[in-house]
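Between the sequences and the hints, there should be enough to build the whole structure, so can you do that?
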Amino acid sequence: MKNQYCKVGNTTPLLTNEESMISLLERRYNSFLEMAAQIGNTNTKLAEFLEFKALKIRRTLEKLA
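Residues 19 to 83 (the numbering used here) are what the sequence shown spells out, left to right.
A hint or two may mislead.
[To be verified] Beta-carbon label-pair distances, calculated as ranges:
1. Leu79 <-> Gln56: 27 to 35 Å
2. Asn35 <-> Asn61: 33 to 41 Å
3. Arg77 <-> Gln56: 16 to 24 Å
4. Thr60 <-> Asn35: 32 to 40 Å
5. Ser38 <-> Leu73: 19 to 27 Å
For the record, the hints were derived by calculation from the structure and aren't laboratory data. Every residue, glycine too, gets a C-beta built ideally from N, C-alpha and C.
Here you go:
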């Protein structure tokens with residue numbers, strides 16, 4: 019039997035181009051806010067989690083700007 023290696027925990031760096039990284043983070047920020055708004059009525063805990071993630075991304079964007 020051959021050994022199998024799991025890649026759990028490996029990370030890949032974000033884009034090296036700062037403009038592409040900012041646009042990616044903006045898309046993720048908007049995506050998290052949209053998902054939180056859609057889920058807000060049915061699952062408040064998940065909506066709060068998504069809003070928190072969006073807040074962290076916004077803080078990162080503010081640091082980059």
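Quick rundown of the hints versus the structure:
{"no.": "1", "hint": "Leu79 <-> Gln56: 27 to 35 Å", "verdict": "violated (22 Å)"}
{"no.": "2", "hint": "Asn35 <-> Asn61: 33 to 41 Å", "verdict": "holds (36 Å)"}
{"no.": "3", "hint": "Arg77 <-> Gln56: 16 to 24 Å", "verdict": "holds (23 Å)"}
{"no.": "4", "hint": "Thr60 <-> Asn35: 32 to 40 Å", "verdict": "holds (38 Å)"}
{"no.": "5", "hint": "Ser38 <-> Leu73: 19 to 27 Å", "verdict": "holds (22 Å)"}
In this structure, only the earlier hint numbered 1 is contradicted, and the remaining ones agree with it.
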